[in-house]
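Colleague: Can you make the complete structure from the sequences, with help from the hints?
Read off the chains here:
There are 6 protein chains.
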Amino acid sequence: MKIGAFGEVMLRLTPPEALLLEQTHTLRMAYTGTGVNLVGNLAHFGVESYLLTALPDNRLGDAALANLKSLGINTRYVIQKEQHIGTYFAEMGYGVRPTEITYQNRKNSSFGLAMITDYAIADFVETIDLVHICGISLSLNEHSAEVAIAVAKTAHEQGKKVCFDFNFRPSLNQEPDKKRVMKERYQEILPYCNVIFGSVRDLSELLEWSMDVSSQSAKIRSFQAFLSHYQIEWFAGTTRHTTDEKKQLSGYLLSPTEWIETERYTLDSLDRIGAGDAFAAGILLGYSENWSLDRSVEFALGNSRLAHTIQGDVPLTTRKQVDQLLSHPTIDLNR
Amino acid sequence: MKIGAFGEVMLRLTPPEALLLEQTHTLRMAYTGTGVNLVGNLAHFGVESYLLTALPDNRLGDAALANLKSLGINTRYVIQKEQHIGTYFAEMGYGVRPTEITYQNRKNSSFGLAMITDYAIADFVETIDLVHICGISLSLNEHSAEVAIAVAKTAHEQGKKVCFDFNFRPSLNQEPDKKRVMKERYQEILPYCNVIFGSVRDLSELLEWSMDVSSQSAKIRSFQAFLSHYQIEWFAGTTRHTTDEKKQLSGYLLSPTEWIETERYTLDSLDRIGAGDAFAAGILLGYSENWSLDRSVEFALGNSRLAHTIQGDVPLTTRKQVDQLLSHPTIDLNR
Amino acid sequence: MKIGAFGEVMLRLTPPEALLLEQTHTLRMAYTGTGVNLVGNLAHFGVESYLLTALPDNRLGDAALANLKSLGINTRYVIQKEQHIGTYFAEMGYGVRPTEITYQNRKNSSFGLAMITDYAIADFVETIDLVHICGISLSLNEHSAEVAIAVAKTAHEQGKKVCFDFNFRPSLNQEPDKKRVMKERYQEILPYCNVIFGSVRDLSELLEWSMDVSSQSAKIRSFQAFLSHYQIEWFAGTTRHTTDEKKQLSGYLLSPTEWIETERYTLDSLDRIGAGDAFAAGILLGYSENWSLDRSVEFALGNSRLAHTIQGDVPLTTRKQVDQLLSHPTIDLNR
Amino acid sequence: MKIGAFGEVMLRLTPPEALLLEQTHTLRMAYTGTGVNLVGNLAHFGVESYLLTALPDNRLGDAALANLKSLGINTRYVIQKEQHIGTYFAEMGYGVRPTEITYQNRKNSSFGLAMITDYAIADFVETIDLVHICGISLSLNEHSAEVAIAVAKTAHEQGKKVCFDFNFRPSLNQEPDKKRVMKERYQEILPYCNVIFGSVRDLSELLEWSMDVSSQSAKIRSFQAFLSHYQIEWFAGTTRHTTDEKKQLSGYLLSPTEWIETERYTLDSLDRIGAGDAFAAGILLGYSENWSLDRSVEFALGNSRLAHTIQGDVPLTTRKQVDQLLSHPTIDLNR
Amino acid sequence: MKIGAFGEVMLRLTPPEALLLEQTHTLRMAYTGTGVNLVGNLAHFGVESYLLTALPDNRLGDAALANLKSLGINTRYVIQKEQHIGTYFAEMGYGVRPTEITYQNRKNSSFGLAMITDYAIADFVETIDLVHICGISLSLNEHSAEVAIAVAKTAHEQGKKVCFDFNFRPSLNQEPDKKRVMKERYQEILPYCNVIFGSVRDLSELLEWSMDVSSQSAKIRSFQAFLSHYQIEWFAGTTRHTTDEKKQLSGYLLSPTEWIETERYTLDSLDRIGAGDAFAAGILLGYSENWSLDRSVEFALGNSRLAHTIQGDVPLTTRKQVDQLLSHPTIDLNR
Amino acid sequence: MKIGAFGEVMLRLTPPEALLLEQTHTLRMAYTGTGVNLVGNLAHFGVESYLLTALPDNRLGDAALANLKSLGINTRYVIQKEQHIGTYFAEMGYGVRPTEITYQNRKNSSFGLAMITDYAIADFVETIDLVHICGISLSLNEHSAEVAIAVAKTAHEQGKKVCFDFNFRPSLNQEPDKKRVMKERYQEILPYCNVIFGSVRDLSELLEWSMDVSSQSAKIRSFQAFLSHYQIEWFAGTTRHTTDEKKQLSGYLLSPTEWIETERYTLDSLDRIGAGDAFAAGILLGYSENWSLDRSVEFALGNSRLAHTIQGDVPLTTRKQVDQLLSHPTIDLNR
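Chains as they are written, first to last, in UniProt numbering: chain A, 1 to 335; chain B, 1 to 335; chain C, 1 to 335; chain D, 1 to 335; chain E, 1 to 335; chain F, 1 to 335.
No wet-lab data here; the hints were simulated from the structure.
Only a predicted model underlies this, so the values are computations on that prediction, with no experimental measurement involved.
As the list makes no split between identical chains, a pair holds if one copy fits it or if it spans any two.
Calculated cross-link-like contacts (lysine-lysine; reagent style DSS-like; alpha-carbon spacing at most 30 Å):
hint, residue 1, residue 2
1, K81, K2
2, K320, K178
3, K107, K320
4, K107, K81
5, K246, K320
6, K179, K320
7, K81, K178
8, K247, K320
9, K107, K178
10, K179, K153
11, K81, K320
12, K107, K179
13, K153, K81
14, K2, K153
Modeller: As C-alpha cells, this is what we get:
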C-alpha cells in the first residue's frame, strides 16, 4: 500500500540540553508536523510514502524539502509558494518543569495560504492507496479545511482508504462560533473515513456525541455506535496515566466488533512530541498490511514508546527496532 | 541627550561557520532591527537609550526583552502583545558567494499588528530628547506607518529632535500604487525631521526629487535644496565602492552650508548587516554632542567599519574602540 | 516592595553534557552568585530588584553587567573596579557521580577587593525596602564583611527590612581563629535582621546556640528562643532527605508563633546549584507581599523544585510557572 | 537528459573552525565523493540524477542514504552490503597552512568490495541518458575497475553518453606495475567516452600521449589529436595559477574544432575540496542542454568559483546563483 | 607494580545529546579500547601504565597518541605504521531505546595489520610487572592472536603476571570453523594466566567447560575446578540484573579458596560502554596491591558504577572518587 | 639536547567564531603560556622536553596536566599546590577590530604563589641540557622572579645552556620603582644566558642600553656590543611591518659575528598569539642542533608564519610542515 498524508510542515527550533531561550544563543533546527512524522515514519518501515503540502518558495522551503527527502518521503506533490513557514520553539522540560511550546504565525504560512487550486489533488489521490489527514488542517483556516475535506472526499470516491486524526486542540478554537464551525467540518469529513485517531473527549466535547463512560462495556458500546454511524473500520488512541511518581502509556484499538487495550508501560521520556504520530504510524502499518488488531496496537504502542526516547518529532524508528523492543525489552546495547 | 528609537525587533537566525541551511542542524539566535542596533550601540556609547516597540506576549517576547536589556536599552516603552516576531535567516556569504537573507512573515508580527493606541507615545516622546524612526515602519503596513508619523509629529511639536532613516527597499514596494502611497508617507514625515539618513537614489527615485549629479558641486546643490525645502539640519549616508578585488566604504555628511566626505576605507568584512546602523549611531552621537561635521562623520565611518567586523547586526562598539581605530589603525592586539 | 541584594557575582563555567574537564574543549559560560540568583529570580516575579556589587573594570565586567541587565536587575549600584571576577567550574554529576565544584581565586576578586568607600551604600539603602545579604560576604574577607555589616546596619537604622542567609560553609572556615571571628561577625549582623535563612547546624555549630532536637516541639522551642533573642520575624530553610534510591526535599518556615513544614517532594534534578536561592526568593516574595507562612513556604519550595530542573544557578522561574506546578503538578507539556 | 554517476560515497569528518585533530573533540560529518558531488549538484540544477554505488548495510549506510536523498539524488540503484564506508578527515588549512586530508581504509569499503554482479548495471544504464565515471574507480581495486569499465561499455553500446574524469592521483599509484595496469585500464575505457575531464599531465604522464606544449597552438593540436583518436566530443579542465600573493583559477573546454579558455579569476577560498566536481557538473549541464562551449565553460567556472566558497565537498549551487555571479559579480548581499 | 596492556586503540564517534546519525552533523571524537580504558584508568589510580599497540602513521595516529598521553599512559611501546584505525559509532540510547554500536573496518586497521616483528615485545615485558590482554585480540585476526599469545607466553616465562579478559563476542565469531580455532587459541593462552575476567557462559559455551549451575555451591565448585586446572589465582566478573523497571549490577571475585559476590546496586547509567573495563581496572589495582578479595571487588564494582555515569569509554575515575562513593554514597555535590 | 622551560601555565578561554563575550554562552578552553608553547612545539619537533611549573592542586590542575601530557611534554617536574590558575580571555579580532585579551588574577595563581623551595630545581637542571626562561617570570612577582634567576644561575653553573626571552610588557610594569627593580632583575639574569630573544626597544627602554639605530650597521654594532658585554651567543627576534593594507613579518638572528635578517613575508593570520614562541622554538631547535644562523632563522620564521594560521597559542607544527612551507610555499592541500 502506498500511503500519503496531507498536512503542514513546520520548522521546529529547540535550545540544546534543556536550556531556556534566555540561556542560549544556539538552537537545533528540524522540520516536522503530523503528516511529516507519519509518512516519514512509514518510509522508515519501508512503505512508499507521499506528502501533500505547501512550502515557502525560498531558502527555508528548499531546506525543508531537502529534509523531507532525507526522510525518504516522495515529495512530488509538495508545492512551493509564498514566503512563510509555520514555526515553533520547544523549550524542553525536565522533571516537574513542563516542556514549553511557543508557536509563531501559522495562519499566514505557505500551507495556510495555499488554495485548493494550488495542489494536484487528483493526481495525488490517484497515486496513493491510503491518505492520512490531520485535524489541525480543519482548524487552521478556511483554505486548509477546504483542501482537507476535498482530499478526503476525492479519495473516498476513488475507493482509496481515508484516515483522519482528530488532533483537536481546544486552546486553538476558543471563539464560540469557531466551535460550531469546527463541529460541522468534522461531521463533514467523517463519512469519508476508514480509520480514526481520537479520544472520548474528542467525541463528547467536539462532536457532542453521547459517550457513556459509566463502565468499560458502556464506553465500548458508545464507541462502537460511533463507528457504526460513520462506517468506520478502526478507531485508535493512546491514554496517558500518571500514578505515583511515574508516567505510563497505554493504547487502544477498536473495530466494530473488537476492543483491544494494551497494558500500561512506564515511560522514560526524552521528547514526547511526535509520539502520538508514531502510534498512528504503527496502526496504519498494521491496517495497510492486514494485521490483527492485537498485533497492530502492540506494535503501535511499542513504536510510540520508542518515539518518546528520540529527540525531535519525527519517529525515525524501524520495524527491526520495534520488534526488538517487543521481543527483548531489556536489551540496552546492540553491538 | 536621551535618545529613543521606534522600530521593529526581529529574530535573526544564522547557521554557524558560513554553512548553508541544508548543511547544519544548528542556528545562532540573536535579536536585532534598525532601532535595536541604533539605540543598543548608543547605549554602549554611554547614551541613555530607549526603544518604542511591540514584542510578542510569549516566551519569545520574554527572550527578546531580556536581550534588549542586556544591550543596556531602557525597555520601559516596550509592549508585549500578540504572538509573532518578525524573523529572518542569514546564510552568511563568503568571497563571491553573497549572503542570503530570507525573511519570514513580518506584516503579522506583534510589531506589525500593534495599533497607535497600544503605545504610550506621549510619555515616550516626553522622556527622550531625540527620536530615530526607521523608514521600514512606513512600508511595513498601515499600522506601523501611522505610528511612525505620529511619533515624528508629536516629537516635532514638543520641540524634540527627529531623525529619519530612508531605509527604502524597492524590492519590498513593487506594486505601482504602493509606490505612490510610500512617496506620500515620506513627504508627510519629512517636515518633522532634523536629521536624515539617505542617498541620491532615495531622493531621486522615491521622492522624485530633481537631483543633478553631473558634477560634485551640482550634486551638493541638489542635496542642499532638499535640506532647505524640508528645513533639515544634517543629511548623511555611506557609499560602497567596488574596485578591482576589494570593497571600500566612504561616508558623507552635509548641512545646509557644509559638505564633508571621508576617504575610502578598504573593508575586511565579517558581517556587514547592521553596519549602516552603526554609521547612523555615530552620526547621532556627534549630533547630540554638538561635534563638528568632520569629527562626526569620521567617527561614524570608523564605527561602521568596526561593525563590519562584528558578528551579528548589533554594533557592540564603544567610544574607546572607535577612537583607537581612528588614532592607531594598525593595532591588532590589545593586552 | 523594592528588593536589593549585596553579594558577589561569579563566573560559572560548565562543560556540556555532563562531560569532565579533560573530555571537552568547550565550556558554557554564565554569571551567578547568591545575590544574582535571588534578585534575578525576584525580577522574574515582577519585583523591582537591585544589586550592590563590584565587577571588574574590563571586558569580563562588561559581559557580566550585560548579563545582570538581561535578568532584569537594576544595575545602578554595581561598580566596576580592579580586574578579577571570582570563578568556578561545575563538572555536572550524574547518578552516583557527584557534581564537582572547583573555585578559582575569590579573595582577590573585584568584589573581594572593594572597600566600603567604593560603594554608594546610603543611596542603595534609600532606594530599596528590603535588602538581602549573603553570609559568604562575612567569610570571604574583611572588606566584604565590613560592607555586609554596614549595609545591614544602615538598612536597619533607616527602617528597611534586612534578610540574611547563613550560607555558612565550614570547609571555607577551618582555621580555629577564623571560626571565632566568624561567630562574632554573625552575632554582630543578626540584631539588624528580620528574615533569616539557616539550619539547625548553623545555629548549633556556628553560633553555638543551644538547640534541643530531642523532639520536634523541643526543636521548635529552641528555634523560637533564637527568634525572640534577635527579634527575627521569619526563619526558613530546606531539608534534603535521601531515602532508598530517591532524593527528596522539604521546606520549613517559622515565625515567633508559627511553624510550617511542607511535605517531602521527590526531586528529579538537572542542576541543584542555586536551588536554595530559589527557595529564599520565594520566601522573600511571600514576606514582601504579606502572604501567610503556609502560602509562602509552599510557593518557595515549588520554586526551588523547579530550580532543580533548570540548567545553571539563576532560577528563571515565573509566578505562573510556580502556580502551575502547585495547582497542576502532572502537566508536562504546555502548548 | 537524465544523468547518473558511478562512484564511491565517502564519509568526511572535519574539525570545526580550522582546528587540528588534537585541538577538538568535535567533528562535522558529511557524505561526499566525486559522484555524489556531481549528481548532487546536477539535482540542484533541476536535472533528474541517479547514483550507482554501494553503501554499508548498517546505520552508517542508512545515514549516508538519507543524506543522498536530501541532495535530491535518486537512490534506486544504491545497494547496501558489507559494513564499511571509506572515510576521510579534512583538517582545514588557513593561509600558508595547507589543508590536510587523511584517508581511512578505502579498499575494503562496501564500495571497494562490491562485485559487478551486485549492481543492477543494465537497469541503471537503461534509466539514464548520460553516465559519469570517476577515474578513482579504476585505481581503487580490481572490483571497482571492472564495474567502471562495464558501466562505460554498456552505456556506449546502448547509445548513452559517457563522461569520464581522469582524477588520477600519482600518489595512490606508485608501484611500477600499478602504473602499467592503470594505463591499460584508462586505454580500455576511453573508446567508450564522449566527454573527458583531464589535464596535460594526465595525458602525458599517465597515457604517455605525446603532448607538444611549446606553444599554445601546438598544445591545442596535441589535445585535438587525442580527441580524434578516441572520438571524444568535449575535453575540459581547470588550471590553478599562483601569482604573487593570490590564487587564481581558469577553465578550458575543447571540442575537435574549438578551444575556449576563460580568464583567470581570483579565488577567495573557504573549502576547495569538491570544486573540481562543480566545474564538471557545470560542463555536463551545458553538454546535456546543448549549450555553446563558451557558455558552458563560463558557467562551469562560475560554478566552481562558488563551490570554493561553500563548506564541504558537495556544491549546493543553483542555476540562479551561478547566473547572478556571472551577471552581477559584485553583489554580496541578497535580501 | 607497573602494569601494561596489549590491545587495540579505536576511534569512537558519538552524536551529541542522544541524537541519531541522521539527526546531526556533529560528532564527539574520542580514542578508546579495552587496553586504553584499563591502563588509562590505572594511570588515574597512580599506577605506572604502559600500552603495547599499533596506531596509523598519519594525522589520526598522531591525534590518538596525543590522547593516550593525556590519559597519563606511557606510550614508549606504541608503534605507528599503516594508515587505518578501527572506528566505531555509538548512537547513545535512552530508556527503552538501546545504544547502537556500528563498527567500521577493524581487520585492516594498523593494529590488525601489525605483525609480531613490529613490536618490541621483549622490552615491553621486561618493563612491566603485569600485563593485561584482551580476548578480542584472539578473534580479530591471526596477526593479533599471534602477538597476544606471544606476549602472554613471554611474560609468563619471565615471571611476570598475566591477566586475560575473555571478552568473547559470539556475534564476531560465527563461522563454525572459527569457533574451533577460537577455542584452541583460548586454551593456548590460559596456562600463562594469573587473573581472568569472564563469565559462566564464556567457560561453558566457548571452552565447553562443564559448568554445574544447579546450585550456587555447585557453580562455585565448577569455577574452582577451572581455576585449579589452569592454576589461575583470581577470576572475576560482573552480572547485570533487570528487575521490574530498574537495572542493577553486582560483581564477583573468586580465588581457589574464596568466593565473594557483592550486593546488587541500582544503576543510573549515562554511558555503560567501558564500565566492564573499569571493573577490571579495580580488580587489578587490588591484585597488584595485595588487597583482600572483598576490598578488591567492592572497589572494582564502585569503580564500575561510577564508570556508568561518565561519558565515553575511558573511566577517568580516581581512588578518591571511588572511596567517597563507598563511604558516602549519597553525596551529590562536592564544593 | 633535552630542553626544559620554566614558565606559567595559563588557562585560555576563547569565544567561538570571533564572537564577543556578550554574544555567546560558549567558550573554547585551552592551556597555554610561553613555556608550554615552546616545549610543546619542541616536543612536536621530536625534542625531549620538560616543563618546570606549578599547577593548582584541584580539578583544573588535573585537566591542565592532562593537556601538557597530550602535547608530549614530560611533566615530571610539574608540581600541584594551591587552588588558582592564571586565566585569560581572548576575544578574537577580525580585520580592523583588534583581538582583546583580558587577564584574570595571575599574581595569586599557583605559579605566582610557588616558592623556590617548592620546586626540584637541581634535579630539573640536571635532567636538561638547555633551559628557557620567560621574562614574565621576572615581572610577575618576587617569588617567580627568585625562581627564574635561581634556575638560570644553577643551569649556568652546571654548564647547561640558558635561553631567556625578554617578553617585557611595559603595560604590566608602570610604577616607576617597578621599572628600576625590573632593570636590576634583567641585569642579574643576563650574565647566565646564552641565547636571548628581544628587540631594540627591550634593550634601549628597559635596560637603557645605548642603541644607535641611525643606520643598519650602527644598529648591528650596538647589538653586538650588548652580546659581547653579556657573552651572549645568539640574539633573535621578529619585526612586524604594516604597509598599505597588509601585515608582514620578518625575523633576525645575530651572533657576535653574524647578522641575518629574513625577507618580509605577508601574513594571513588566524590567531597570532603564541607565534612569537613559535619563532623562539625554531631558533632553539637550530641552536640545539648546531644549524647555521641562516637555516635557523628561516626555519624559525617559517614556523612562526605557520603558527599564525593555527588556532590557539600552542604551535602544533612539525618539522615536515615547516620544511614543506619553505620548499613548496604554494601547496594548499595535502592528500
